[in-house]
Amino acid sequence: MSPRETTCLVVDDSAVIRKVARRIIEDIGYVVVEAEDGDTALELCAESMPDVILLDWNMPNRDGYAFLQELRQSEAGRQPKVIFCTTENDVGAIARALHAGADEYIMKPFDRDILTAKLEQVGVSAKAASNLI
Amino acid sequence: MTELDFEFLRAYLKQRSGLALTAEKRYLVESRLAPVCRRFNYATLRDLIGSLKVGHDTAIERAVVEAMTTNETFFFRDRLPFDLFRDVVLPEAIARNAARRRLRIWCAAASTGQEPYSIAMLLQEAGAKLAGWQVDIVATDISSEVIDKAKLGLYSQFEVQRGLPVQWLLKYFTQIGEQWQIAASLRSMVEFRQFNLLHGYEGLGTFDVIFCRNVLIYFDAPTKSEILARFGNSLVPGGALLLGAAETVIGLTDRLAPDTKHRGLYGHAPVPTPALRAAAG
Numbered sequence: 000m001s002p003r004e005t006t007c008l009v010v011d012d013s014a015v016i017r018k019v020a021r022r023i024i025e026d027i028g029y030v031v032v033e034a035e036d037g038d039t040a041l042e043l044c045a046e047s048m049p050d051v052i053l054l055d056w057n058m059p060n061r062d063g064y065a066f067l068q069e070l071r072q073s074e075a076g077r078q079p080k081v082i083f084c085t086t087e088n089d090v091g092a093i094a095r096a097l098h099a100g101a102d103e104y105i106m107k108p109f110d111r112d113i114l115t116a117k118l119e120q121v122g123v124s125a126k127a128a129s130n131l132i
Numbered sequence: 000m001t002e003l004d005f006e007f008l009r010a011y012l013k014q015r016s017g018l019a020l021t022a023e024k025r026y027l028v029e030s031r032l033a034p035v036c037r038r039f040n041y042a043t044l045r046d047l048i049g050s051l052k053v054g055h056d057t058a059i060e061r062a063v064v065e066a067m068t069t070n071e072t073f074f075f076r077d078r079l080p081f082d083l084f085r086d087v088v089l090p091e092a093i094a095r096n097a098a099r100r101r102l103r104i105w106c107a108a109a110s111t112g113q114e115p116y117s118i119a120m121l122l123q124e125a126g127a128k129l130a131g132w133q134v135d136i137v138a139t140d141i142s143s144e145v146i147d148k149a150k151l152g153l154y155s156q157f158e159v160q161r162g163l164p165v166q167w168l169l170k171y172f173t174q175i176g177e178q179w180q181i182a183a184s185l186r187s188m189v190e191f192r193q194f195n196l197l198h199g200y201e202g203l204g205t206f207d208v209i210f211c212r213n214v215l216i217y218f219d220a221p222t223k224s225e226i227l228a229r230f231g232n233s234l235v236p237g238g239a240l241l242l243g244a245a246e247t248v249i250g251l252t253d254r255l256a257p258d259t260k261h262r263g264l265y266g267h268a269p270v271p272t273p274a275l276r277a278a279a280g
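Sequences listed follow chains X and C, in order. Residues 0 to 132 in numbering that gives the first Met the number 0 are what the first sequence spells out, letter by letter. Residues 0 to 280 in numbering that gives the first Met the number 0 are what the second sequence spells out, letter by letter.
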């Protein structure tokens, strides 16, 4: 039996951002699933919980912050590592996101190195990252 | 750029910084030196190299060396050396120096400061274990330009997102517009100095830990040997040297040896016992 593949759900209302993120994340070797808003993302999580979620903040039909609050209500929803990826770039927004249960935070604009580093911090190197904190 | 000019530049950089400019790095020369040409009003790279041949202007010489040396760095780069420092090197140094309560750390190629500040954050996290200790982090780099930036401790949004956990961004940095500045308490832990690794180390004193990562790869073997031997002199007995993943002491010096348990960590080579020495002789 082959080991289960790591799945990343990319939640962003911008098709361009989803495309860029998909390319980078697939290069790392994760399977990518996409959602264009918070409601769709919740439905996808109910069907199959991903390992990592890359989450935009400002979206129609439930924004990223509301999605995360809802997700973290359930036992299963506390499992995925969540990385906010947003133009909300101030300290207050970052603190709110962490308080709501985000594991990492990417301030847009971002590049391949940043996304890769953050995925490693919460994913492949999740244990080392938690040790560091 | 003519072959003669490239050869001149190669010899010039080797002599002044130890940098071994290989043929495959030739493509870097024009992109790195174009800003220097503009800054000193030279129309072409050839004119700039002509000026270096004549000599006399130390500002231009320094600018050329600085432009050609690599400053790639980010917080907690490669992670493993910092885990080793926190989990192995630091506890050993604390035990060894418990009586005098002093710790000296040297970042020998500090670039824009991410490495020494990463170490400073780990020391802050060590908290009570270092209460009442005098801890010195000496951070040096050949480039005065990057040292000036490092002293400010001011980083772009891109720089703080590469390797730095977001929780530590909030804990140790202040947002200033689009930039982030590391806390004054951390800045005060680091003494930055412009320093050439080819020059004498005596003025720096001795160290419990030396970080010199991803620098030796740019030097040829004799220069690496020279620098490693000097590191051997600068380390206190029991001290630790941390090199980059692609670097080693093996075959370059008999003063230092790899730690058998931890990859990337080096210390003084064991001194042969008299019996072994006699057998070898």
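Hints were generated in silico from the structure; no laboratory data involved. Quick caveat, the model's predicted, so the values are computed rather than measured. One or more of the hints may lead you astray.
Stated by the list, open to error - Using 30 Å as the maximum straight-line C-alpha spacing, the simulated DSS-like pairs for lysine-lysine come out as follows:
1) X/K107 / C/K148
2) C/K170 / X/K107
3) X/K80 / X/K107
4) C/K13 / C/K24
5) X/K80 / X/K18
6) C/K13 / C/K52
7) C/K128 / C/K170
8) X/K80 / C/K52
9) C/K24 / C/K52
10) C/K13 / X/K107
11) X/K18 / X/K107
12) C/K170 / C/K148
Results for each hint:
1. Of the supplied pair hints, the one linking X/K107 and C/K148 holds, its CA atoms being roughly 24 Å apart against a limit of 30 Å.
2. Only pairs whose Cα atoms come within 30 Å are accepted, and C/K170 paired with X/K107 is accepted, the gap being roughly 20 Å.
3. A distance of roughly 19 Å separates the Cα atoms of X/K80 and X/K107; the hinted pair therefore holds under the 30 Å criterion.
4. A C-alpha spacing of about 14 Å is found between C/K13 and C/K24, which places the hinted pair at or below 30 Å, so the restraint holds.
5. For the suggested pair X/K80 and X/K18, the alpha carbons sit about 20 Å apart, so the restraint of at most 30 Å is met.
6. Under the criterion of a C-alpha separation no larger than 30 Å, the hint pairing C/K13 with C/K52 is consistent with the structure, at around 14 Å.
7. For the given pair, C/K128 sits about 20 Å from C/K170 by alpha-carbon distance, which is consistent with the 30 Å threshold.
8. Restraint check: the Cα-Cα separation between X/K80 and C/K52 comes to about 57 Å, which exceeds 30 Å; the hinted pair is violated.
9. With a C-alpha separation of about 21 Å, the suggested pair C/K24 and C/K52 falls inside the 30 Å cut-off, and the hint holds.
10. Distance check on the hinted pair: C/K13 and X/K107 sit about 41 Å apart at the alpha-carbon level, beyond 30 Å; violated.
11. Restraint check for X/K18 and X/K107: the C-alpha separation of about 15 Å stays at or below 30 Å, so the hint holds.
12. The hinted pair formed by C/K170 and C/K148 meets the criterion: a straight-line CA distance of about 21 Å does not exceed 30 Å.
Checked against the numbered hints given earlier, this structure breaks hints 8 and 10; the rest are met.
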